[in-house]
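S.K.: Here is how the chains run, residue by residue.
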Amino acid sequence: MVVGDISTGTDVLVIGAGPGGYVAAIRAGQLGLDVTLVEKDAYGGTCLNYGCIPSKAMITASDLAYDANNAEDMGIYTKLDVNYGEMVEWKDGVVSQLTGGVEKLCKANGVSLMEGRAEFADDKSVRVVHGGEGQGSETVEFEQAIISTGSRAIEVPGFEFDGEHILSSREALALDDVPESIVIVGAGYIGMELAGVFAKIGSDVTVIEMLDSVLPGYEDDLARPVKKKADELGIDFHFGQAAKEWEESGDGITVMTENEDGEVSEFGAEKALVAVGRQPVTDTLELENAGIETDEKGFIQTDDRARTEKEHIFAIGDVAGEPMLAHKASKEGQVAAEVIAGEPSALDYQAMPAAVFTDPEIGTVGMTEEEAESQGFEPVVGKFPFQASGRALTTGHAEGFVRIVADEPSGFVLGAQIVGPEASELIAELGLAIEMGATLEDLAATVHTHPTLSEAVMECAENALGHAIHTLNR
Amino acid sequence: MVVGDISTGTDVLVIGAGPGGYVAAIRAGQLGLDVTLVEKDAYGGTCLNYGCIPSKAMITASDLAYDANNAEDMGIYTKLDVNYGEMVEWKDGVVSQLTGGVEKLCKANGVSLMEGRAEFADDKSVRVVHGGEGQGSETVEFEQAIISTGSRAIEVPGFEFDGEHILSSREALALDDVPESIVIVGAGYIGMELAGVFAKIGSDVTVIEMLDSVLPGYEDDLARPVKKKADELGIDFHFGQAAKEWEESGDGITVMTENEDGEVSEFGAEKALVAVGRQPVTDTLELENAGIETDEKGFIQTDDRARTEKEHIFAIGDVAGEPMLAHKASKEGQVAAEVIAGEPSALDYQAMPAAVFTDPEIGTVGMTEEEAESQGFEPVVGKFPFQASGRALTTGHAEGFVRIVADEPSGFVLGAQIVGPEASELIAELGLAIEMGATLEDLAATVHTHPTLSEAVMECAENALGHAIHTLNR
Amino acid sequence: TPEGRVFAAPSARRLARELGVDIATVEGTGPSGRVTEHDVRTAAESTTDEVEQETDEVQPD
Ligand SMILES: Cc1cc2nc3c(=O)[nH]c(=O)nc-3n(C[C@H](O)[C@H](O)[C@H](O)COP(=O)(O)OP(=O)(O)OC[C@H]3O[C@@H](n4cnc5c(N)ncnc54)[C@H](O)[C@@H]3O)c2cc1C
Ligand SMILES: Cc1cc2nc3c(=O)[nH]c(=O)nc-3n(C[C@H](O)[C@H](O)[C@H](O)COP(=O)(O)OP(=O)(O)OC[C@H]3O[C@@H](n4cnc5c(N)ncnc54)[C@H](O)[C@@H]3O)c2cc1C
Numbered sequence: 006m007v008v009g010d011i012s013t014g015t016d017v018l019v020i021g022a023g024p025g026g027y028v029a030a031i032r033a034g035q036l037g038l039d040v041t042l043v044e045k046d047a048y049g050g051t052c053l054n055y056g057c058i059p060s061k062a063m064i065t066a067s068d069l070a071y072d073a074n075n076a077e078d079m080g081i082y083t084k085l086d087v088n089y090g091e092m093v094e095w096k097d098g099v100v101s102q103l104t105g106g107v108e109k110l111c112k113a114n115g116v117s118l119m120e121g122r123a124e125f126a127d128d129k130s131v132r133v134v135h136g137g138e139g140q141g142s143e144t145v146e147f148e149q150a151i152i153s154t155g156s157r158a159i160e161v162p163g164f165e166f167d168g169e170h171i172l173s174s175r176e177a178l179a180l181d182d183v184p185e186s187i188v189i190v191g192a193g194y195i196g197m198e199l200a201g202v203f204a205k206i207g208s209d210v211t212v213i214e215m216l217d218s219v220l221p222g223y224e225d226d227l228a229r230p231v232k233k234k235a236d237e238l239g240i241d242f243h244f245g246q247a248a249k250e251w252e253e254s255g256d257g258i259t260v261m262t263e264n265e266d267g268e269v270s271e272f273g274a275e276k277a278l279v280a281v282g283r284q285p286v287t288d289t290l291e292l293e294n295a296g297i298e299t300d301e302k303g304f305i306q307t308d309d310r311a312r313t314e315k316e317h318i319f320a321i322g323d324v325a326g327e328p329m330l331a332h333k334a335s336k337e338g339q340v341a342a343e344v345i346a347g348e349p350s351a352l353d354y355q356a357m358p359a360a361v362f363t364d365p366e367i368g369t370v371g372m373t374e375e376e377a378e379s380q381g382f383e384p385v386v387g388k389f390p391f392q393a394s395g396r397a398l399t400t401g402h403a404e405g406f407v408r409i410v411a412d413e414p415s416g417f418v419l420g421a422q423i424v425g426p427e428a429s430e431l432i433a434e435l436g437l438a439i440e441m442g443a444t445l446e447d448l449a450a451t452v453h454t455h456p457t458l459s460e461a462v463m464e465c466a467e468n469a470l471g472h473a474i475h476t477l478n479r
Numbered sequence: 006m007v008v009g010d011i012s013t014g015t016d017v018l019v020i021g022a023g024p025g026g027y028v029a030a031i032r033a034g035q036l037g038l039d040v041t042l043v044e045k046d047a048y049g050g051t052c053l054n055y056g057c058i059p060s061k062a063m064i065t066a067s068d069l070a071y072d073a074n075n076a077e078d079m080g081i082y083t084k085l086d087v088n089y090g091e092m093v094e095w096k097d098g099v100v101s102q103l104t105g106g107v108e109k110l111c112k113a114n115g116v117s118l119m120e121g122r123a124e125f126a127d128d129k130s131v132r133v134v135h136g137g138e139g140q141g142s143e144t145v146e147f148e149q150a151i152i153s154t155g156s157r158a159i160e161v162p163g164f165e166f167d168g169e170h171i172l173s174s175r176e177a178l179a180l181d182d183v184p185e186s187i188v189i190v191g192a193g194y195i196g197m198e199l200a201g202v203f204a205k206i207g208s209d210v211t212v213i214e215m216l217d218s219v220l221p222g223y224e225d226d227l228a229r230p231v232k233k234k235a236d237e238l239g240i241d242f243h244f245g246q247a248a249k250e251w252e253e254s255g256d257g258i259t260v261m262t263e264n265e266d267g268e269v270s271e272f273g274a275e276k277a278l279v280a281v282g283r284q285p286v287t288d289t290l291e292l293e294n295a296g297i298e299t300d301e302k303g304f305i306q307t308d309d310r311a312r313t314e315k316e317h318i319f320a321i322g323d324v325a326g327e328p329m330l331a332h333k334a335s336k337e338g339q340v341a342a343e344v345i346a347g348e349p350s351a352l353d354y355q356a357m358p359a360a361v362f363t364d365p366e367i368g369t370v371g372m373t374e375e376e377a378e379s380q381g382f383e384p385v386v387g388k389f390p391f392q393a394s395g396r397a398l399t400t401g402h403a404e405g406f407v408r409i410v411a412d413e414p415s416g417f418v419l420g421a422q423i424v425g426p427e428a429s430e431l432i433a434e435l436g437l438a439i440e441m442g443a444t445l446e447d448l449a450a451t452v453h454t455h456p457t458l459s460e461a462v463m464e465c466a467e468n469a470l471g472h473a474i475h476t477l478n479r
Numbered sequence: 117t118p119e120g121r122v123f124a125a126p127s128a129r130r131l132a133r134e135l136g137v138d139i140a141t142v143e144g145t146g147p148s149g150r151v152t153e154h155d156v157r158t159a160a161e162s163t164t165d166e167v168e169q170e171t172d173e174v175q176p177d
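Chains as they are written, first to last, in my numbering: chain A, 6 to 479; chain B, 6 to 479; chain C, 117 to 177.
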């Protein structure tokens, strides 16, 4: 039996409860708006359920196991035994604590929650199809809508995700057992983060990449320490190889690849993880009914208020274009909610930070030297190696460096790139520096606690000024 | 045979090569000054050889061992075996890498190094007594001098350090073996840091404190998570107890304490570590020959250029007063060198950060709420618990919180207190915020990478403004 | 804000010393009254102007 179509209304409809949508909904609730949040799957979206959080949990746990197992130089000897299933269970506990929190926070801020899949009926209403047989659908009318339906993993032709042999990151993060061996297709950040997890807890990892290096898009010298450590972990890299097809063989599979010259190679493993990028989820929304178009990649175009071509419909997060990052989604969500509430908000940030949680980590914010130059600045660059950081040496992780790019005449900090311990955290101070219009001198004059990794930020600024204490100056 | 007294001259004489002195010397060298650095013991001073660096190395190593050994919930099972002697050797390797670096950096910046103990002959020269029998002494004349002779551990009467039964932090960090049991006198930061190290690698630890709580001087709610974790580690606390005397007993010792009411208690252990504070090293310098007085605690008074009452003699670091912190010493060293070189430098920082490397860590910078109030501000306070931080949960360390104190009318950030994971690093961004005159809004509007601990700083600022996303607002 | 505390970036504070300006007397035009480098330079120019004016008065052309 199908439940009859009922019709409800809301001032603000948010579609998708990822870090874009749920943040938009909470902020709208805080601003006193009548807001409904529709989610078809799980509160927290990709990020909390299948992305950022599960991957970071598994990375931290596998790092702990690996580090303890490789600390003989510190006088620490271990006999280690990792139960992958229990690690995944622990990760699931973290996830459910956080997703439960999201639900509670939504309710506490007056957000109405609705389960189901939304499709646009026209530019003033959606049809929400409830999950499960015979659950029916309902029409929800809105004054304003925020589209935050996120993204999904791209499938390589011939490598449809089956959850058994061919995995996306989502399934790879939910396995019951460590695979004895795994082929990872794609050396982007997701592929490299998970390659580290599997290698550290004992899988034989092979990485296949079409381009010629790891972490394409990042500067060479940032990617180099990550590649070096991956080599040490025994990860086997094959560059310039495109995955073509696969077949079952024995207990596992064989993946066939082809290089530029058409030469075929074969790689055997228990499973394959395909992580070649993500695409926006805009094809299942019947966007055309709302009169909204997408570009050739499926992204929705928005302005600096996160508005689509329809004034009253906003798009945020992964559907609204690169960079596909959770904190970009949340920022856009906040701005969309504030704009709807009539606040003078805009996407006017100076710099969007990003982190890669490989070993070592990478953190970036603002411009590279090359970008600064091409935008007409006269860049001056400071660099400080973690080898010269007392704190880094005391942690046994002293690879990598901090680099700061500034405008020489004015001293304004324009960007920073960090590879090394806690790079994801250290980049925060540089983000604030850029937003505040801080100069190299400001960073250098700020007292930093000893002994900390953050001193490297100060010394890096001093290096750019020609007077670092703990490294020779340029 | 005593080598005859020779006499040399230098423009700038720096006495003591700790983080105050060696930084001053390097900076002076960079500024083209003729500078001589005299050190009687080891380059890097207390901090690199017996303080900050060795303690942080031992803390990190013991944390790793402990965390790996207590990660069953993550599916990590270990059989652990810690060789304390090897841990100390590893720590010594880190120390010698850093002290070697200091020596090289001094030379690279044109600093003349001299080994020996300096005493003032008058206000224009010192006598440098070389170590060892028959090494003689020499007179060094200077135009300007920088006193950076640091501090030493205070001895409790009756508990003279003997290196065998009664240890200072210096000897405790250099033991060959984990003591089966240890009594620690003093629950200040040094005592608490080392209590954690010993407890985590298997000692029975008893802490005796005269006052009524751990980490006196820190706000109660900052100290509480540290006490709680210490209790979990099985550390046995006795407050309101003054150490009176000790005697050998069997293989170890018995320490006798007395409470307010004169009741005596006894505590047996293999060794005792006495960490009740530090005092400036100004009594062995013949300061009176230079016409410089010290206050009743032995500190040298200085102005905002680090000058003593003698215009041409500067004092920096632990000898120049509280807080006795390495980065305060380095900052004063830089300023002293720059002032000597004629630069418009001054000790005009708005806030001096501090960190305690206990489990969890504490980081503070600027004013507490109470201080802000007493200085006439109208403080508004934001708070964000790490329990609500996705990144904290993924590391398994989600105790503690971030607190920000701001001036409500203007929004200016005045101070911050953090207890929790990486507090020592997270405090850096707040230090920059205070120096820059950033407002709560500036911190809240700065995009922070997901998932990181630094997001807690942003959310804390939002909480002060009444609109944090991931916690209920005040 | 209470007297005695000036909100200004380290670079502005240093510039004030370099130009011989007492930053506590400079009016801030930044957000919430933060003193900017520009404010410091303006203050420095106006003191120089005053000095020049005084000099002008002593030695009129
Ligand atoms: C393995 C992995 C690791 C990652 N690590 C990081 C990281 O460390 N840092 C970082 O910044 N980013 C990371 N990302 C990217 C991050 O997950 C995304 O950028 C982020 O989730 C985007 O948020 P969103 O709100 O736009 O979309 P999503 O999080 O994808 O949420 C969209 C939600 O919309 C729902 N939905 C879709 N269509 C409909 C519909 N028609 N009706 C109702 N609901 C619908 C979906 O079910 C989903 O819950 C990672 C991604 C992956 C896969
Ligand atoms: C266990 C421990 C842990 C600590 N942890 C931290 C921490 O984490 N963070 C922090 O900021 N601080 C920490 N400190 C404090 C820190 O070590 C000091 O604040 C810092 O070393 C002070 O630097 P300084 O240059 O003033 O003096 P010192 O480092 O003490 O150096 C003084 C130097 O002068 C030499 N000297 C003395 N007299 C003479 C003389 N007459 N002639 C020639 N040379 C002389 C000494 O041999 C010594 O090398 C810690 C201290 C201890 C003991």
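Keep in mind that the hints were calculated from the coordinates and are not lab data.
Possibly wrong hints are sitting among the right ones.
What the hints assert, rightly or not - Lysine-lysine pairs mimicking DSSO-like chemistry, simulated, CA-CA at most 30 Å apart:
1. A/112 / A/129
2. B/249 / B/315
3. B/84 / B/249
4. B/232 / B/388
5. A/109 / B/234
6. A/388 / B/109
7. A/84 / A/45
8. B/84 / A/84
9. B/112 / A/388
10. B/249 / B/233
11. A/109 / B/233
12. B/388 / A/112
13. A/234 / B/84
To be verified - Taking CB as the label site, the calculated pair distances span:
14. C/133 / B/218: 39 to 47 Å
15. B/236 / A/75: 48 to 56 Å
16. B/102 / A/346: 50 to 58 Å
Treat the numbers as computed from the prediction; the structure is a model and nothing was measured.
Ideal placement from N, C-alpha and C gives every residue a C-beta, glycine not left out.
S.K.: Hint by hint, say whether it matches the structure.
M.R.: Consistency of the hints with the structure:
With a C-alpha separation of about 24 Å, the suggested pair residue 112 of chain A and residue 129 of chain A falls inside the 30 Å cut-off, and the hint holds. Between the alpha carbons of residue 249 of chain B and residue 315 of chain B the distance comes to roughly 41 Å, so the proposed pair goes past 30 Å and is violated. Distance restraint check for residue 84 of chain B and residue 249 of chain B: the Cα-Cα separation of roughly 41 Å exceeds the 30 Å cut-off, and the hinted pair is therefore not satisfied. Restraint check for residue 232 of chain B and residue 388 of chain B: the C-alpha separation of about 20 Å stays at or below 30 Å, so the hint holds.
Restraint check for residue 109 of chain A and residue 234 of chain B: the C-alpha separation of about 29 Å stays at or below 30 Å, so the hint holds. Taking the CA atoms of residue 388 of chain A and residue 109 of chain B, the gap is about 19 Å. The hint holds against a cut of 30 Å. Between residue 84 of chain A and residue 45 of chain A the alpha-carbon distance is near 44 Å, which puts this suggested pair outside the 30 Å criterion. Restraint check for residue 84 of chain B and residue 84 of chain A: the C-alpha separation of about 5 Å stays at or below 30 Å, so the hint holds.
With a C-alpha separation of about 21 Å, the suggested pair residue 112 of chain B and residue 388 of chain A falls inside the 30 Å cut-off, and the hint holds. This hinted pair checks out: residue 249 of chain B and residue 233 of chain B have alpha carbons roughly 27 Å apart, not beyond 30 Å. With a C-alpha separation of about 28 Å, the suggested pair residue 109 of chain A and residue 233 of chain B falls inside the 30 Å cut-off, and the hint holds. At roughly 21 Å between alpha-carbon atoms, residue 388 of chain B and residue 112 of chain A fall within 30 Å of each other, so this suggested pair holds.
Between residue 234 of chain A and residue 84 of chain B, the direct Cα distance comes to roughly 26 Å. Compliance with the 30 Å bound is thereby established for this hinted pair. Look at residue 133 of chain C against residue 218 of chain B: about 42 Å separates their beta carbons, and that is inside 39 to 47 Å. Taking 48 to 56 Å as the suggested C-beta distance range, the pair residue 236 of chain B and residue 75 of chain A does not conform, at roughly 31 Å. For residue 102 of chain B paired with residue 346 of chain A, a C-beta distance near 56 Å keeps the hint of 50 to 58 Å intact.
Consistency note: the structure conflicts with the earlier hints numbered 2, 3, 7, 15.
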